[in-house]
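Colleague: Sequence:
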Amino acid sequence: LLNGAELPDRVRDRARTVFERLAAVEGAIHGIDPADVELHEVGALDSIIDVVGVCAALESLNIDQIYCSSIGLGSGIVNTAHGQLPHPAPATMALLTDAGAPMHGLETTLETTTPTGAALMTTLAESFGAMPGGTSSAVGYGAGTADPPDRANIVQVVITVGDN
Numbered sequence: 130l131l132n133g134a135e136l137p138d139r140v141r142d143r144a145r146t147v148f149e150r151l152a153a154v155e156g157a158i159h160g161i162d163p164a165d166v167e168l169h170e171v172g173a174l175d176s177i178i179d180v181v182g183v184c185a186a187l188e189s190l191n192i193d194q195i196y197c198s199s200i201g202l203g204s205g206i207v208n209t210a211h212g213q214l215p216h217p218a219p220a221t222m223a224l225l226t227d228a229g230a231p232m233h234g235l236e237t238t239l240e241t242t243t244p245t246g247a248a249l250m251t252t253l254a255e256s257f258g259a260m261p262g263g264t265s266s267a268v269g270y271g272a273g274t275a276d277p278p279d280r281a282n283i284v285q286v287v288i289t290v291g292d293n
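Just so we're aligned, residue 130 is where the sequence shown starts under the numbering used here, counting upward by one.
The hints are simulated quantities; they were obtained by calculation from the structure and are not laboratory data. Accuracy of the hints is not assured; some may be wrong.
[Stated by the list, open to error] Here are the simulated distance ranges between beta carbons: (1) P137 / H159: 26 to 34 Å; (2) T264 / N208: 42 to 50 Å; (3) A157 / L131: 18 to 26 Å; (4) I158 / G205: 17 to 25 Å; (5) G262 / D165: 27 to 35 Å; (6) G271 / L130: 33 to 41 Å; (7) G263 / I206: 36 to 44 Å; (8) I206 / N132: 33 to 41 Å; (9) P231 / G263: 31 to 39 Å.
Glycine included, C-beta positions come from ideal geometry on N, C-alpha and C.
Could you put together the complete structure from these sequences and hints?
Modeller: What follows is the structure, encoded as structure tokens:
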């Protein structure tokens, strides 16, 4: 799908790199070659849209450097094509661990970080930690469909200019 899509080269390259990283992790977990991994869970159209959408947004906004904060993780069980798995899902934990991404637990049973989200962050982020210095030039928010009673289910993106 990526090869046949009319996308700018950097969007296609970034998206392909995200999916290649995810395939490598899934291949290691299942003990198979990454080329043989069926990304049935993340190959769904919504995940392709998520990955390409993020990469297209970065391109549209001319974003070259990406930094991520500590990643919040819930606990409990997630239903997958493989049956019930603990969450964070094994692919999520492998991606975060391989990248050395800082994480923190949240008091929720929601799956707050999916393998697709972890693949995006660990592939595209230059580093993890505190927000870099600079002046905020734009802020954006995205909301999930879950509505936990104790906190907002949003992601925040801040674009800064200056001392990055």
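Colleague: Now tell me, hint by hint, if it's right for this structure.
Modeller: Tested hints:
Remark: the range hint 26 to 34 Å for P137 to H159 is upheld by a beta-carbon distance near 33 Å. The hinted range of 42 to 50 Å is satisfied by T264 and N208, whose Cβ atoms lie roughly 43 Å apart. For the hinted restraint 18 to 26 Å between A157 and L131, the CB-CB distance of approximately 22 Å keeps it satisfied. The hint said 17 to 25 Å for the Cβ distance between I158 and G205, and at roughly 19 Å that hint holds.
A C-beta distance of roughly 44 Å is found between G262 and D165, which places it outside the suggested range of 27 to 35 Å. The hinted range of 33 to 41 Å is not satisfied by G271 and L130, whose Cβ atoms lie roughly 23 Å apart. The given range of 36 to 44 Å is respected by G263 and I206, whose C-beta atoms sit roughly 40 Å from each other. The given range of 33 to 41 Å is respected by I206 and N132, whose C-beta atoms sit roughly 36 Å from each other.
The hint said 31 to 39 Å for the Cβ distance between P231 and G263, and at roughly 20 Å that hint is violated.
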